[in-house]
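Q: Take a look at the letters that make up each chain.
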Amino acid sequence: MSNVEFNFALIYRLSKLRFDELDHANIEQLKKIIEFVNIALTLDSIKDYSPLREVNGVRNVWREDVVISCEIDPQDLLASAIIQNYYVVVPRVI
Amino acid sequence: MNISPQELNRRIAKLIELNKEFNFANQICQDLALKQLSSYHSPGLLYAVKDMFSVKNTITSASSKILENYQAVYDATVIEKLNAKENILLAKLNQDEFAQGGSNEYSARGKVLNPVDKNRIPGGSSGGSASIVALDLVDFALGTDTGGSVRNPASFTGTIGFKPTYGAISRYGVLAMASSFDTIGIISKKIEIIAKVFHQIRGVDKHDLTSINIDEVSGPKKMKVAVVKQFIKNLDPAILQKIEFCLEKLQELGYAIDYIELSSLDYALACYYILVPAEVSSNMARYDNLVYGNPHSLDSVMSTSLDDWYLKQRELFGDEVKRRIGAGNFILSSGYYDAYYLQASRLRRYIADQFNSAFAKYDFLIGPTTPNGATEFGNSQEDPTKLYLADIMTVAANIAGLPAISLPLLEDQLGLPVGLQLMTEQKQDLYLLELASQLMEQSHG
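Going down the list, the sequences are from chains A and B. Each residue of the first sequence is one higher than the one before, starting from 0 at the first, in numbering that gives the first Met the number 0. Each residue of the second sequence is one higher than the one before, starting from 0 at the first, in numbering that gives the first Met the number 0.
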């Protein structure tokens with residue numbers, strides 16, 4: 000993985016961030032971050048370890064499938080969005 | 000605490016004055032504080048919180064332009080609990096944007112200055128929390144600690160920074176950075192205040208399904224402490240000398256001292272800087288200024304396409320946040336997920352397992368919190384990974400979910416404060432605080 004091909008246009012598209020090919024400083028810094036973590040890929044002896052994702056052992060906390068009323072007024076939750084007929088207005092999708 | 004409205008106003012006036020100099024606060028909650036005081040029977044402590052914590056009807060900006068005008072619509076669980084105990088909230092504090100950074104240089108609200116030396120970083124990302132405590136303006140401040148963001152600024156400002164076991168304090172209502180690492184932490188100058196506040200805010204919360212109860216009594220004590228060799232390798236001799244002094248004090252308290260090497264820690268920073276950006280890129284995906292954030296007009300929404308809207312709005316993120324979103328999306332992208340994310344998740348297990356083996360033999364692991372005292376501003380601008388290196392001693396506790404505390408007991412060769420870090424196994428937070436208290440007393444006695 001030492002010669003990772005960076006497709007920065009794709010990374011920026013996935014990130015929903017504007018990509019500017021002329022922004023060399025940011026691209027160089029991003030490359031440095033990836034190079035910085037590449038040491039993790041060199042350790043082969045851990046391939047039998049199971050991935051750790053729930054660090055304090057709490058996993059799949061279930062509750063009864065019942066309706067719980069929201070303690071917060073929905074009007075408040077939507078206060079900083081543009082609302083029409085209880086729908087959030089978003090820009091054109093198609 | 001007995002405090003009159005006049006006295007509270009005087010304290011707030013001082014806070015406003017010093018904020019002009021040090022820039023630790025994004026917002027000073029004068030009206031709220033006076034209202035709280037008038038409704039309380041027996042007022043508790045004065046405090047402030049990082050701008051990651053939702054406080055109803057106040058701006059919660061995470062020091063980001065994208066949330067510049069976002070008014071929280073409910074109180075975080077910790078705020079509710081602190082209110083119930085009649086503590087008084089004085090300010091929402093400056094920080095690195097979305098808690099991403101270790102110097103407070105990455106804030107849309109300008110950098111926070113270090114009260115120890117104004118030319119130096121206060122550390123981060125909870126730099127405002129450490130600065131306001133160092134200036135004695137509050138009894139305690141809350142921060143968030145994802146890879147050291149409470150302990151690192153505590154180390155650089157000569158204050159105490161406590162990061163509990165992952166899940167010990169509810170994260171409900173606190174903006175997320177990397178959810179499987181994020182921990183609420185407490186900064187104060189007094190260990191007994193940290194213990195008291197921790198008692199008030201810990202415990203299972205139905206709104207945070209990762210929250211847990213810690214052990215209220217400590218397990219059998221082994222009376223053994225180990226110094227982590229990797230943490231003292233090539234260390235500034237002045238810091239090392241102070242560590243040795245602390246080790247003597249620990250011996251006086253009856254602890255045997257050992258030195259151990261945890262080989263997995265050589266991979267801790269890489270593990271951290273793979274998993275955290277991956278989680279960051281997911282958590283930052285929600286910020287698009289459509290549902291919360293900056294108010295905008297119907298015309299502006301209708302006049303654009305959804306993709307254009309995203310690109311335009313997300314320009315508001317600062318450079319470090321954009322870099323981490325980019326790194327995270329690279330790591331999670333098809334073709335690289337297994338090599339990076341899966342490998343780092345296995346590394347996480349490897350590191351946690353080594354800690355568990357160590358804690359079968361030792362009560363505590365010890366080392367400095369940071370490899371040096373606070374550096375001058377501007378040291379990491381060209382290469383962000385330079386700043387990441389400062390996290391080498393703190394990230395391991397977050398990778399394994401361990402409680403850790405930084406105590407202002409060390410000093411570098413320039414005479415700048417450096418923290419001594421103690422770590423212990425999950426849920427043994429009270430034992431950690433007990434030893435921290437004894438060690439502070441023994442060292443100053």
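It should be emphasised that the hints constitute simulated quantities derived from the structure, not laboratory data. Be a bit skeptical, because a hint or two may be false.
[To be verified] Restricting the straight-line Cα-Cα distance to at most 16 Å, the calculated cross-link-like pairs of lysine to aspartate or glutamate (EDC-like) are:
1. B:Lys80 / B:Asp257
2. B:Lys223 / B:Asp265
3. B:Lys55 / A:Asp72
4. A:Lys46 / B:Asp207
5. B:Lys55 / A:Asp75
6. B:Lys228 / B:Glu191
[As the list claims (entries may be wrong)] Listed below are several chain A residues computed to face chain B (Cβ distance under 7 Å; list not exhaustive):
7. Ala8
8. Leu13
9. Val36
10. Asn55
11. Arg58
12. Val65
13. Ile67
14. Ser68
15. Cys69
16. Pro73
17. Leu76
18. Val87
19. Val88
20. Pro90
21. Val92
Where is the CB? At the ideal position from N, CA and C, for every residue including glycine.
Q: All the hints need checking, so say for each whether the structure fits it.
A: Going down the list of hints, with the structure as the test:
1. Among the hinted pairs, B:Lys80 with B:Asp257 is inconsistent with the structure: their alpha-carbon atoms are about 40 Å apart, more than 16 Å.
2. Taking the CA atoms of B:Lys223 and B:Asp265, the gap is near 24 Å; set against the 16 Å cutoff, the hint is violated.
3. Among the hinted pairs, B:Lys55 with A:Asp72 is consistent with the structure: their alpha-carbon atoms are about 12 Å apart, no more than 16 Å.
4. Using a Cα cut-off of 16 Å, the hinted pair A:Lys46 and B:Asp207 is violated, with the two alpha carbons roughly 32 Å apart.
5. Between B:Lys55 and A:Asp75 the alpha-carbon distance is near 10 Å, which keeps this suggested pair within the 16 Å criterion.
6. The suggested pairing of B:Lys228 with B:Glu191 is violated, with an alpha-carbon distance near 30 Å, which exceeds 16 Å.
7. At its closest, the beta carbon of A:Ala8 sits 11 Å from a beta carbon of chain B; the interface hint therefore is violated under the 7 Å criterion.
8. Interface hint at A:Leu13: satisfied, since its Cβ lies 4 Å from the closest Cβ of chain B, which is below the 7 Å cut-off.
9. Hint status for A:Val36 relative to chain B: holds, with the closest Cβ pair at about 4 Å, below 7 Å.
10. Against a cut-off of 7 Å between C-beta atoms, the interface hint on A:Asn55 holds, since the closest Cβ of chain B lies about 5 Å away.
11. The interface hint given for A:Arg58 is violated, since its Cβ lies 10 Å from the closest Cβ of chain B, which is over the 7 Å cut-off.
12. Here the hint on A:Val65 is broken, as its CB sits about 13 Å from the closest CB of chain B, past 7 Å.
13. This hint is violated: A:Ile67 has a C-beta 9 Å from the nearest C-beta of chain B, more than the 7 Å allowed.
14. Interface restraint check: A:Ser68 against chain B, minimum CB-CB distance 14 Å, threshold 7 Å, status violated.
15. For the restraint placing A:Cys69 at the interface with chain B, the shortest Cβ-Cβ distance is roughly 10 Å, beyond the 7 Å limit, so the hint is violated.
16. At its closest, the beta carbon of A:Pro73 sits 10 Å from a beta carbon of chain B; the interface hint therefore is violated under the 7 Å criterion.
17. The beta carbon of A:Leu76 comes within 6 Å of a beta carbon in chain B, closer than 7 Å, and the hint placing it at the interface holds.
18. Because the closest C-beta pair between A:Val87 and chain B is about 6 Å apart, less than 7 Å, the hint holds.
19. Taking 7 Å as the C-beta contact cut-off toward chain B, the hint placing A:Val88 at the interface holds, the least distance being around 6 Å.
20. At its closest, the beta carbon of A:Pro90 sits 4 Å from a beta carbon of chain B; the interface hint therefore holds under the 7 Å criterion.
21. Here the hint on A:Val92 is kept, as its CB sits about 5 Å from the closest CB of chain B, short of 7 Å.
Hint violations for this structure: numbers 1, 2, 4, 6, 7, 11, 12, 13, 14, 15, 16, all remaining hints satisfied.
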